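Enquirer: Below, each chain spelled out in residue letters.
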Amino acid sequence: MTKLSPKERMAIKRVKMITQDAKERACNFREVNQGLTPELAMEEANRCLVCRNKPCMEGCPVGVHIPEFLTAIALGDFKLAAEILRVDNALPATTGRVCPQEVQCEGVCVRGNKGEPVAIGFLERWVADWAAENMPREQPPTNQTGFRVAVVGSGPGGLTTAGELARMGHKVHVFEALHDTGGVLRYGIPEFRLPKAIVDREVENLRALGVTIECNVIIGRTLTVDEIAEEFDAVFIANGAGLPMFLKVPGENFKGVYSANEYLTRVNLMGAWMDVEGGTPIARGETVVVFGAGNVAMDSVRTAKRIGAAHAVCAYRRTRAEMPARAEEIEHAEEEGIDFQFLVAPLEIFGDEKGWVRAVKLQKMELGEPDSSGRRRPVPIAGSEYEMPCNIVVVALGTTANPLLTNTTPALKLNKWKNIVVDEKQATTMPGVFAGGDIVRGGATVILAMGDGKVAAHGIDEYLKTRTPKQ
Amino acid sequence: MFLVVSNEEIAPQLHRMVISAPRVARSRKPGQFVIVRCGKGRERIPLTIADDDPAAGTITLIIQAVGISTREIVAVPAGGFISDVAGPLGEPTEIEKIGRVVCVGGGAGAAVLFPLAKGLAEAGNELTTIIGGRSEKYVILQKELGAFSTHLYTTTEDGSGGEKGFVTLPLKRLLEDPEQCPAAVYAVGPVPMMKAVCDLTRNYGVRTIVSLNPIMVDGTGMCGGCRVTVGGQVKFACVDGPEFDGHLVDFRELSARQATYLELDAHGCRLDQKIAELKKD
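Sequence lines, in order, name chains A and B. Residue numbers for the first sequence follow our numbering, so the first one is -3 and each next one is one higher. Residue numbers for the second sequence follow our numbering, so the first one is 3 and each next one is one higher.
Note that these hints are calculated values from the structure, not bench results. Since we're looking at a predicted model, the values are computed, not measured. Just to be clear, a hint being listed does not mean it is correct.
To be verified - List of simulated lysine-lysine pairs, DSSO-like, C-alpha gap at most 30 Å: (1) B/Lys237 to A/Lys244; (2) B/Lys42 to A/Lys192; (3) B/Lys197 to A/Lys350; (4) B/Lys31 to A/Lys414; (5) A/Lys244 to B/Lys197; (6) A/Lys412 to B/Lys237.
To be verified - Beta-carbon label-pair distances, calculated as ranges: (7) A/Met13 to B/Ala261: 41 to 51 Å; (8) B/Arg28 to A/Lys244: 31 to 41 Å; (9) A/Glu20 to B/Lys139: 49 to 59 Å; (10) B/Leu250 to A/Pro376: 30 to 40 Å; (11) B/Gly81 to A/Ala204: 26 to 36 Å; (12) A/Lys466 to B/Leu264: 43 to 53 Å; (13) A/Phe346 to B/Ala261: 13 to 23 Å; (14) B/Glu96 to A/Asn130: 57 to 67 Å; (15) B/Glu165 to A/Ala193: 51 to 61 Å.
From the three backbone atoms N, C-alpha and C, an ideal C-beta is built for every residue, glycine too.
Whenever a hint applies, use it, and build me the whole structure from the sequences.
Expert: Here is the structure:
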């Protein structure tokens, strides 16, 4: 194939993702994005200018060699593309679907200066899915070091560290508190955004690498960090999000008020949307109001629509411009008919005589001076209170640090939010114990947890080089 | 997978199951619970650990079969397996020597009471136990609790065994007798029973601890479904409890929240009906 000139590359328009029709998908849980054809993928990959300084790679928390894998796609060598991707990213089918590319790789893509950036996320997803169909699973390296590492949590951070360490020849054992693997990938992110078959596949890839995963073990309760630090040569803690935050307004304990964690866990992990007899139930309603504007809020409000809400509302104190959710999720939610109500804050939740939610009292806001986050602070407009009838309220305001593990591990230094303090290698104040993801960051993204996991794996490998195996 | 070592029906729909769960057996303390799930598509059920045998690596659970998920758990015979047993969860009971204590158990609550009562007796307390039920066959663990109780009183609502009436009858007599009035009361059972006990002991200023069993999913603090109001503060029963000062618990709210999924059809969109209507059009 002939090499394209920069001008020819510049002439190619950004590919459009093939998606399920918005009306149809708002009633089902099948994945919204349907993927690209090989031809579309190759054409899109040809839009990459293969810049020498690779800003996209800098913008990637796990440092994927983006221009290299895009070049391989453009040449039609999908196997090579998959191999390049796999070196840096243990969960490419996941990140290709859930990363906020617009503020990472695609946010700094040179093509974005004039027009649209290369669709790196779509291509990552495409290569990962192609590899799953066409390539054998990676096998454990023949040279095993004899070191054993315990990983706490099988979410994105834990799985990434496990994959990296297994490739280095260390034996990895993952402890998972829930009955199934994947952490937030399973209980949090809905099927329509990240099919659970993909999570299963990513986990199977790690098992093929020799990683063992033990479910139903809660570190901090079933076993302590001290106990596993004694038994294993090193430990990585990525136990994830903690206790959900509530609105702190009257009426929050009425029936029909859920934390987003509970709402999504019931639907995703427990399969409440399938309505299996004897399965985990979920309360449904005509009108569902979700407070918050991040990815979890988008997942909640789009889930509400799918399980039957005629009117699914996302209520946010600021405006669309300040929404922390991924751009694609906001667009998809708008297409699906989600009612966005901006510049409103909840004052109270009202219940009926049986204790079920019947309405929320809202106050209109306006944007004032910027606050410490740099975003303009919402200021209440006096006398603007009004009631909105609703049946279900979902609170998606984030979480505080989970206390179970840290309460039983006094040797771990915590910050004022009770998150674990780590150094630049993700090492904690306990020798041989590393940490990453939400328990360190206090709530972030899948890819940042994966970035921590990758850094930690290298930190752990360095640490192990100074030791001899315990067993 | 967790092996079921034994399974016996000790009262109608009430089973005592010994399950092999060595990690839980080693770390478990009285007052803690496990989450049990019996296969794909089934609910996660919180169950108090009644007893353990760390040497054998087993725990004992007493399970009331009330719904599909619990019926499937108690249907697993000895030699069979349960897919998930996670724990121990919750804060252990603060067991100390107080002196004279009364433990009150209603129905299957006696099973939750058992480890607590045993711990209190072992700590050197003078223990009086009151257990009640709808009728004689629902009054469970009499022999087991009697083994370490100085006094044991039983009540039944229909008078088929023990004293006819509620557990509050013998409790009131103890509270009124200066010779027998306890320093603390522990109550476990249905919400109305725990509320009645607390309303009674409040008049006598006797500290009362209750063990709550609200609806929960993960049991590790993640979902917040088990939130209860205690002394005006919102607490998560799974990480802050399950035991709380009964005089501070908002029982009305607890009782309403417990009923959430029993009332689903009456609330909200009545989806089945709606689908039927759509089909008609």
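Enquirer: If a hint holds in the structure, say so; if it does not, say that too.
Expert: Outcome of the hint check:
no. : hint                             : verdict
1   : B/Lys237 to A/Lys244             : holds (13 Å)
2   : B/Lys42 to A/Lys192              : holds (14 Å)
3   : B/Lys197 to A/Lys350             : holds (19 Å)
4   : B/Lys31 to A/Lys414              : holds (25 Å)
5   : A/Lys244 to B/Lys197             : holds (26 Å)
6   : A/Lys412 to B/Lys237             : holds (21 Å)
7   : A/Met13 to B/Ala261: 41 to 51 Å  : holds (44 Å)
8   : B/Arg28 to A/Lys244: 31 to 41 Å  : holds (39 Å)
9   : A/Glu20 to B/Lys139: 49 to 59 Å  : holds (55 Å)
10  : B/Leu250 to A/Pro376: 30 to 40 Å : holds (33 Å)
11  : B/Gly81 to A/Ala204: 26 to 36 Å  : holds (33 Å)
12  : A/Lys466 to B/Leu264: 43 to 53 Å : holds (52 Å)
13  : A/Phe346 to B/Ala261: 13 to 23 Å : holds (19 Å)
14  : B/Glu96 to A/Asn130: 57 to 67 Å  : holds (59 Å)
15  : B/Glu165 to A/Ala193: 51 to 61 Å : holds (59 Å)
Comparing the model with each earlier hint shows no violations; every hint is respected.
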